[in-house]
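So the chains spell out like this:
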Amino acid sequence: MSDNTTGTNTAAATSTAETGDTSVHSMDGTSLGDVTGVEGHRPAPGGKATSVPLLGRDAEPAIFEMSSPGRHAHSFRTTQVPEWSAEELVPAGHLRPEPLALTEVSERDLVAHVTRLTHRQYSVDLGAYPLGSCTMKYNPKLCDDAAALPGLIGAHPAAPASCTQGWMELLCDLSDALCEVTGMHAVTLQPPAGAAGELTGLLLMRAYHAAQGSTRTKVIIPDSAHGTNPASVTLGGYQTVTVPSDERGLVDLDALRARLDTDVAGIMLTNPNTLGLFEEDIAEIAAAVHEVGGLLYYDGANLNAILGVTRPGDMGFDIVHMNLHKTFAVPHGGGGPGAGPVAVSQRLAEYLPGPLPQREEDGSFTWRTPEQSIGRVHTWHGNSLALARAWSYILANGGDGLRRVAEGAVLNANWLRHALRGTYDLPYDRPNMHEFVASTTSLKKGKGLRALDVGKRLLEEGFHAPTVYFPLIVDEALMIEPTETESPQTLAALADALIDIAADEEGAWKAAPRTTPVGRVDEARAARTLIPTWDALDGQP
Amino acid sequence: MGHYVPHTDSEIAAMLADIGLSSLDELFDVVPAALRLTGGLGMADGLSEPDVLAEMERYSERNRVGADLVCFAGAGAYDHEVPSATKRLMMRTEFVTAYTPYQPEVAQGVLQALFEYQTMVARLSGLAVANASLYDGASALVEAVNLAVAETRRPTVWVSGGVHPHWRAALATLAAGTGHRIVEIPLRDGVTDWDSAPDGETPGAVVVANPNYLGVIEDLAPARAAADRHAALLLGGFDPVAAGLLRSPGADGADVAFGEGQPFGTPLSLGGPYLGLFACRLDLVRRLPGRLVGRTVDVEGRPAYVTTLRAREQDIRREKASSNVCTNQTLIAVGAMIQLAWLGTAGLRELALRCARGTRYAREAVLAIPGVAPLTGGPVLREFAVKLPVDPAVAVDRMAEEGFLAGVPVGLRDGVTVAPDDPAGERGLLVAVTERRTRTEIDAYAAALEKVVR
Ligand SMILES: Cc1ncc(COP(=O)(O)O)c(C=O)c1O
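So the protein sequences, as listed, match chains Z and U. Counted from 1, the first sequence has number 191 at position 191 by the working numbering; the numbering is strictly sequential. Counted from 1, the second sequence has number 262 at position 262 by the working numbering; the numbering is strictly sequential.
Hints may be right or wrong, so weigh each one.
Lysine to aspartate or glutamate pairs mimicking EDC-like chemistry, simulated, CA-CA at most 20 Å apart [as the list claims (entries may be wrong)]:
1) 87/U with 145/Z
2) 141/Z with 51/U
3) 141/Z with 68/U
4) 87/U with 109/Z
Covered stretches of chain Z (in silico footprint by chain U; criterion: 3 or more residues with CB under 8 Å from a CB of chain U, positions within the stretch not fixed) [stated by the list, open to error]:
5) 115-124
6) 171-185
7) 190-201
Rather than coming from a laboratory, the hints here were simulated on the basis of the structure. Just so we're clear, the structure is a prediction, and the values are computed from it rather than from any experiment. Ideal Cβ positions, reconstructed from N, Cα and C, are used throughout, including at glycine.
Kindly generate the complete structure, drawing on both the sequences and the hints.
Next comes the structure, spelled out in structure tokens:
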């Protein structure tokens with residue numbers, strides 16, 4: 001295999017040359033290397049981004065630095081509307097004394113500036129993004145086009161229902177699909193993100209208990225839970241009670257039982273949990289919580305793992321939020337917008353936020369607000385275009401495709417865990433779902449290699465870093481979620497990179513990353529000397 | 001289907017062999033058999049991409065938009081121009097397909113764009129610091145109230161009845177959890193009547209919007225005075241387009257400013273994703289909700305950007321965090337930054353002026369229709385409310401037949417604005433005119449309205 005096309009990894013190339021073995025060096029005895037592409041070459045990994053030429057070493061000036069008095073990009077429609085002056089239109093005393101200074105740039109310079117900014121940004125479209133808990137899968141371009149259709153983007157949210165029948169039908173169809181996927185009865189599409197879904201769910205829990213005449217004060221969450229869970233619990237007016245994980249990485253059932261009483265409003269669980277492990281005792285957990293009159297809340301951040309395999313409703317959950325920006329490929333947009341619909345069982349349906357789109361017998365669509373609705377949680381109908389994207393993704397996949405998504409995600413994550421065994425600590429080395437948590441505890445003891453360093457070094461290898469230091473119960477955690485859209489070749493290259501980083505005896509990680517637009521960023525200084533705007537920079541070095 | 005899972009059958013077999021399994025089903029052995037879905041999801045199989053697009057076009061075509069339904073509706077969602085530059089740049093997939101900037105060394109693009117956005121929002125609001133976005137206007141109001149209550153430790157909140165009714169609805173929903181006591185202060189002659197505020201509990205926050213929901217320009221001074229009487233924080237709702245002409249909330253004494261950023265680069269989109277604008281005084285920054293980008297340097301001393309004061313946030317403070325926001329609306333914020341730079345200093349003012357001119361022109365034409373009168377007094381800028389001789393919802397339906405989205409039905413119950421679908425109280429129609437509406441369209445609109453209210 002002298003002309004092995006992967007050839008980017010020295011170690012792999014060497015081992016191949018020495019042994020004549022086509023297998024990936026990261027896994028002894030792997031048969032993956034036997035899978036060959038054209039003319040017997042191993043396909044190059046599609047998700048490795050080291051070829052990207054990030055030009056130059058200069059900082060990009062701020063848009064305010066490019067300003068030249070009198071220059072502009074704007075242009076307005078000819079309207080023939082009379083040209084009253086500002087003084088004629090605005091009562092004295094309310095008029096801004098001078099124009100608000102923004103910036104004065106040409107369209108050409110603006111486009112160049114923003115385009116250069118994009119060249120300083122990693123993204124899924126550039127390469128693999130194994131950021132645990134975030135499900136950074138490929139976002140099909142089809143969904144971009146679907147959500148840009150003129151009849152969808154042009155609809156005013158307060159237009160009468162007769163003018164938005166298409167949108168309402170789409171939302172109904174999506175609602176039905178989300179209920180089917182989760183095994184629930186009804187859904188609100190209003191929450192604009194996962195955390196908003198959590199809070200909505202907790203308020204539904206509140207409304208339900210209040211209707212039963214009970215005033216419960218506590219919500220249980222596992223110690224492995226995401227930070228939004230306890231923060232939402234507080235905003236929902238409850239106290240957080242933490243239940244520890246056992247040595248399996250699962251909810252400690254005895255400890256849970258010890259915490260259950262009639263003051264418990266419910267429990268919030270992620271299943272698979274944030275360690276990537278399926279809560280095998282979920283049926284027992286559900287029975288125990290229901291026995292004291294509590295409800296089960298499902299944090300759907302990890303729903304990708306179980307699509308078409310099992311459903312929260314069948315596990316006994318009463319309230320489920322989904323992150324459409326994870327499971328259903330809504331792109332993350334650099335931090336949003338997402339969508340966090342909340343689905344509920346029948347007994348909670350009448351409390352859902354309204355209005356809900358509803359299909360009438362004559363095939364038309366109306367808005368309906370449930371009798372005992374907790375009220376709105378969004379100005380309008382949620383992040384509608386994100387909902388439309390998710391629906392187009394569901395249509396393209398179908399029931400069969402969604403199951404394949406889960407299979408691919410779980411297969412990739414398990415393969416990668418196997419590949420890293422022996423290199424990184426695997427505190428919970430058992431069959432995982434869509435992600436797993438590794439640790440650098442031993443490497444740190446041995447040579448000072450921390451999870452943070454691994455992440456920074458990985459950037460130099462053309463991959464985004466995994467999630468680091470989460471979940472909190474694992475020391476030096478590396479939370480790795482490859483997702484189903486990365487090919488086996490990309491996984492192998494990622495494994496190679498991670499193994500090489502761990503094998504480094506020279507400590508190259510200390511200076512990493514060196515190939516990125518900026519080197520390690522001084523975060524302490526950012527907090528100490530806060531510069532949140534260009535105007536605050538005045539006088540700062 | 002499963003178009004987006006790249007594995008070939010032989011690759012799957014090889015990978016399974018590597019991990020000692022013989023079938024994909026075995027991957028799910030950890031799921032108790034009783035919980036496993038047998039027979040698959042009750043959903044159709046996947047479609048090809050062209051078939052999906054055809055299906056999506058079918059939904060799209062069943063909405064009435066654009067030239068088919070010329071938009072005179074506002075109420076927090078405005079039909080502004082989105083120029084090609086903004087549209088194209090917002091589609092850059094480096095922005096679209098990135099996650100929250102957790103690794104600043106490879107996220108300088110998003111971080112710097114957000115820093116520029118924060119600068120612009122701070123300037124618009126007249127306050128020192130703005131966050132990297134919230135979900136929408138409603139969530140910006142809710143977070144502003146949460147900040148003020150935490151700061152003053154007083155859960156009573158006086159909210160002007162001129163604040164968007166849907167924002168107040170969301171505030172009421174979330175108050176069920178936080179226990180905040182929301183007291184609504186009625187409008188009189190179109191502006192908030194702070195003198196009618198109740199005695200008794202001292203508010204921790206006073207909330208006002210300028211222009212208010214009915215489009216009326218409000219003086220912040222009485223609201224500031226009410227806040228000062230009780231050492232409460234003043235939370236000022238603002239319209240970022242009107243800000244091109246009006247004094248900023250910060251200049252008029254607001255401690256926190258909140259608003260809806262949809263007008264800058266985001267189409268109507270049935271109401272989302274939009275953009276929650278949030279800014280506050282510098283000394284309140286440790287209670288700022290959501291993400292904040294700061295400028296710093298890298299190891300070589302080069303300028304660099306990073307999310308900062310992270311210790312405020314949910315992932316670190318957990319149940320003690322004052323906000324649960326994680327994912328926000330970054331892409332929409334980046335779009336707003338681009339749109340504001342495209343408008344520029346002169347363009348923002350020009351935009352506001354054009355909206356105000358169209359509004360004046362349309363208002364005069366509409367008020368000339370027999371039987372039509374202003375719903376309230378007070379000066380307006382880019383939106384106005386009128387009483388009609390017919391039910392406004394009926395007028396909207398009839399106007400749709402004429403090819404116009406006539407506006408948004410509004411109402412006042414005991415001086416407090418109500419949601420469009422609430423038939424209570426004194427009813428009217430809220431009409432918005434943006435820079436996109438031509439004189440011809442406005443003339444045709446007024447003629448049609450005259451016909452349908454007759
Ligand atoms: C496990 C888990 N729960 C909840 C959330 C919160 O979701 P969002 O960021 O959409 O608010 C996340 C997102 O990072 C998550 O990973």
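To see whether the hints hold, each was checked on the structure:
At roughly 13 Å between alpha-carbon atoms, residue 87/U and residue 145/Z fall within 20 Å of each other, so this suggested pair holds. A distance of roughly 14 Å separates the Cα atoms of residue 141/Z and residue 51/U; the hinted pair therefore holds under the 20 Å criterion. A threshold of 20 Å between alpha carbons decides the hint, and for residue 141/Z with residue 68/U the separation of about 28 Å lies outside it, so the pair is violated. Taking the CA atoms of residue 87/U and residue 109/Z, the gap is about 16 Å. The hint holds against a cut of 20 Å.
Only when three residues or more bring their CB closer than 8 Å to a CB of chain U does the claim for the region 115-124 of chain Z stand; here the count is 9, and the claim holds. Here the region 171-185 of chain Z counts 3 residues with a CB under 8 Å from a CB of chain U, which clears the bar of 3, and the coverage holds. Coverage of the region 190-201 of chain Z by chain U holds in this model, with 7 residues showing a Cβ closer than 8 Å to a Cβ of that chain against a need of three.
In terms of the numbered hints stated before, the structure departs from hint 3 and from no other.
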